[in-house]
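Residue numbers (our numbering), protein chains in the order written: chain A, 1 to 114; chain B, 1 to 113.
Derived by calculation from the structure, the hints in this document are not laboratory data.
Be careful, since some hints might not be right.
Residues from chain A that keep clear of chain B, each with C-beta distances beyond 12 Å, as calculated [to be verified]:
no., residue
1, L18
2, Q45
3, S52
Not everything, but these chain A residues come out facing chain B in the computed CB check (under 7 Å) [unchecked claim]:
no., residue
4, K49
5, G99
6, G100
Computed from a predicted model, the values in this text were never measured in an experiment.
Beta carbons are placed, not taken as given, at the ideal position from N, Cα and C, and that holds for glycine.
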Amino acid sequence: AQSVTQLGSHVSVSEGALVLLRCNYSSSVPPYLFWYVQYPNQGLQLLLKYTSAATLVKGINGFEAEFKKSETSFHLTKPSAHMSDAAEYFCAVSVGNQGGKLIFGQGTELSVKP
Amino acid sequence: KAGVTQTPRYLIKTRGQQVTLSCSPISGHRSVSWYQQTPGQGLQFLFEYFSETQRNKGNFPGRFSGRQFSNSRSEMNVSTLELGDSALYLCASSLTGYEETQYFGPGTRLLVL
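With these hints in hand, go ahead and build the complete structure from the sequences.
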C-alpha cells in the first residue's frame, strides 16, 4: 500500500536560509509524487510534480525537489527562504491504479524568521 | 480558465443535521475528488467521481456520500452530522484522474455544534 511520511511537522528557518522539507514515500509501483502548498484559509496549490521524466523537478516560486528511488525520498528544497514562503507544505503520492486518489503526508508547517 | 469553485465557503450546523456541499470543477475536467482536512487526521481521501460514477472511496462511514452530474459538477452530502465532522472539505478536479495534477478549490469549512 502507498504511504507518505513527512519528517518534521514544523520547520523554522531564517529569511535567506536554505529550506529543506523531507518526504519519504512507500509505493509498490512507480509513483507519481506531488508537493502542494497551503496558505491559511485557502486550498492547496501545486508546487511541483514528479512523473518519471526527470529526477530533479523544478517548481514554482523557486522550489525544486529531487526524486531518489534508492532512498524512496522526494525532498523539497529552496535555496533562499522568503517571508512569503511561510505556509504548510504537503507531499502526496498518486495511487496509479485507483484513479484520482491522492495520499498525503501529515504536512510540514514552515515558519520564516526575519 | 476559471478554477475549482466550492460553495458555500463556510457553514455552521448542529449535530444530527445534514449538509450538502457543492463543487464545480475546471471546465473540461471529468474527475472530481473530495478530501477532508482536520488538524488531527490531516488530509484524507473521501471519494472520487468520474463521468457520474463513483470510482474510488475512502474509509469513511456511509453517512458521507456524493454524486456527480452530467456537467461534472459534484456534491457531497453528510447526514446525521457529528461533532467530529467539523473540518475543511476540499474538492479537486483533473482531466481523467489518473496520475494527473489535481487542482484544488478553496474548500468549505464546516463547523458542527
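(message) Run through the hints listed earlier and report the numbers of any the structure violates, in increasing order.
(response) 2 and 3
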